[in-house]
Amino acid sequence: MIVIENVDKYFGKFKALDNVSFEVRNGEIVGYVGLNGAGKTTTIRIAVGVLYPDKGDVLINGYSITREKRKASYHVGWVPELPIFEPDAKALDYFVYLAGYYGIPAGEARRMGRELFEKVGIGEAADKKLKQYSQGMKKRFALAVSMINNPDNFLFDEVLNGLDPEGIAFFRKLALEFKREGRAVLFSSHILSEVENLADRVVFIHKGRIIAVHTMEEIKSMAKPALRIKTDRVDEGLVKILGEYGEVRVKDDAVYLINPSIDSSSLIEKLSQKGYRVEEINRVRPSLEEVFFKIIGEQK
Amino acid sequence: MRDGFVRAWYIFYYDLKKYYLKAPVLSWGILFPLTIVLVLGTGFGAYTYSRMIPVGFTIAVLFASTSIVHVAVAFEKMSGSINQLLFLPVKSWEVALAKILGGLLYGFIGAGLAGGIYYYLSHGLGFIHPLIYLYSLTIGSIVFSLITLLIVFWLDPVPAVAVLNIVRFTMLFLGGLLIPKPMIPPIIRPLVLFFPSVYVNDLFNYGLYNRYDYVDPYTSMIILLIYLFTLVFVAYRIMLRILKP
Ligand SMILES: Nc1ncnc2c1ncn2[C@@H]1O[C@H](COP(=O)(O)OP(=O)(O)OP(=O)(O)O)[C@@H](O)[C@H]1O
Ligand SMILES: [Mg+2]
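Protein chains in written order, with the numbering used here: chain A, 19 to 318; chain B, 261 to 505.
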């Protein structure tokens, strides 16, 4: 269980986090979303004890990360946004060194390392130097490192960045496995479709403030159904007609009718009466992306 | 607490393997001060030999301890791996202690090399009060390490080098080392007493030759202790909160 309580963080005069509070319960996957520079990484770095908050605290399984750092650290795994390790160390050697901090003897750590490397898909590269690792390999290595102490809380910062499709699928499986085992998982991501697939709840941050927290069900109900319509031409007349049946949004080469008060076949009929030829019409799935822009948009 | 020391030792030991042969440690920490040690020892210095020998020791200790501490933190900040270190189940003071152990070891190495050179040049190393000499070496190395630790934790690696060098070179000239007391204008003398190097040097002087330039050895010992505790306090209260990895 991760509890973030009223955290403030300043960088000089700039307030990067403003009274940030939310929690990640056991057996729950929480997505953390926001624009670039919103404060996701800063929150996560504070929660894992790498950065000190100016106000507030973070509790990991009830242990304060600022006052009981060691106890709290035992229960948390972290994949940094940019995993950086000793560049000149060989991956497995470095893993063994890190495991030493958790009191795991070298022989056991080596065996465990090989096992975890195999699991995350870098088994072949165990004896390579970390500076020879690709970005995705570093992420995989960081995943293995985050599991050293078998913690019950995980914080993943943009873990999907740089992973290949197979890596993404692997991560999805892993996160669900953690969830089944009753662990708490927080992950930040810009890939909203993945957040939508995986998260039980989504925390929205904007300019250092938490602006919304919603369960996936709430998001699905908030995202209104829409019709995506493609016609031979898009002009003011078309927008005006559609406007009678709901909110209209023109995006790319299609027009969206949000929350339509008319079904598709009647709409096609209406439009052709007015001289518009409908080339394509379909219902679109409500998406996190839409809710995201709505929530963020309200802040602007 | 005991576990804390074990962990600090673990970090220290790994640091040693990583950093002891790095270029800035060798050039600034060993070669540069040894050049000065040699210059002072072979009589190019303006003052009498035996006056300059304690100075040689102080400079060797100052540069050796500050260089390893600087490298052991700055390299980790530059590569970013310090984040991983801070993430681990260690307390900040354990990390700080590990870095200071490095400074202490290098202080001893610096003093050992300087001692070797002076022994070879046979200027008669007195060692009249070996314990006082040892006290100065130990507390001096730790004080110099703590100053470096504050600078390098506080600042980004590149400005940290600049500030560290300003501090080290100010000590060389105004800290009672290269410019002997009679050549320092009386108005500036109180300023000299601000630098810990004066006390380290006076204690070396006393330990080796039973004399001192500025203050009596017992006052020096106490002042160095005050330095030590103040720096530990400052490091503990401030450094860990403003850490900019
Ligand atoms: N070390 C630092 N010094 C000064 N400002 C910082 C520092 N780290 C972060 N910031 C600022 O704090 C704000 C939040 O940054 P943060 O990295 O947490 O954003 P983020 O939500 O993770 O963004 P992204 O999606 O790009 O990863 C930004 O405005 C950033 O410029
Ligand atoms: Mg980020």
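Hints are supplied without guarantee of correctness; some may be wrong.
[Said to hold, decoys possible] Which residues of chain A face chain B? A few of them, derived with a C-beta cut under 10 Å, are:
#: 1; residue: Leu100
#: 2; residue: Pro101
#: 3; residue: Phe103
#: 4; residue: Pro105
#: 5; residue: Lys108
#: 6; residue: Leu116
#: 7; residue: Tyr120
#: 8; residue: Pro123
#: 9; residue: Gly125
#: 10; residue: Arg129
#: 11; residue: Val163
#: 12; residue: Met165
#: 13; residue: Asn167
#: 14; residue: Phe188
#: 15; residue: Tyr263
Calculated from the structure, these hints are not laboratory results.
These figures come from a predicted structure and were not determined experimentally.
Cβ atoms here follow ideal geometry from the backbone N, Cα and C, with glycine treated the same way.
Hint check results:
1. Restraint check, Leu100/A versus chain B: the minimum CB separation of about 7 Å is within 10 Å; hint holds.
2. A distance limit of 10 Å between C-beta atoms decides the matter here; for Pro101/A the minimum to chain B is near 9 Å, and the interface restraint holds.
3. About 6 Å separates the beta-carbon of Phe103/A from the nearest beta-carbon of chain B, less than 10 Å, and the hint is met.
4. Because the smallest distance between the Cβ of Pro105/A and any Cβ of chain B comes to about 6 Å, under 10 Å, the interface hint for this residue holds.
5. Look at Lys108/A: its Cβ only gets to about 13 Å from chain B, farther than 10 Å, so that hint breaks.
6. A distance limit of 10 Å between C-beta atoms decides the matter here; for Leu116/A the minimum to chain B is near 7 Å, and the interface restraint holds.
7. For Tyr120/A, the interface hint holds, since its Cβ comes within 10 Å of a Cβ in chain B; the closest pair sits about 7 Å apart.
8. Hint status for Pro123/A: violated, given a least beta-carbon distance of 13 Å to chain B, over 10 Å.
9. The beta carbon of Gly125/A is not positioned within 10 Å of any beta carbon in chain B (closest approach about 16 Å), and the interface hint is therefore violated.
10. Below 10 Å, beta-carbon pairs count as interface contacts, and Arg129/A has none with chain B, the closest being about 20 Å; its hint is therefore violated.
11. Restraint check, Val163/A versus chain B: the minimum CB separation of about 8 Å is within 10 Å; hint holds.
12. Against a cut-off of 10 Å between C-beta atoms, the interface hint on Met165/A is violated, since the closest Cβ of chain B lies about 14 Å away.
13. Nearest Cβ of chain B to the Cβ of Asn167/A: about 8 Å, under the 10 Å cut. The hint holds.
14. Against a cut-off of 10 Å between C-beta atoms, the interface hint on Phe188/A is violated, since the closest Cβ of chain B lies about 22 Å away.
15. The interface hint given for Tyr263/A is broken, as the beta carbon of that residue sits about 54 Å from the closest beta carbon of chain B, more than 10 Å.
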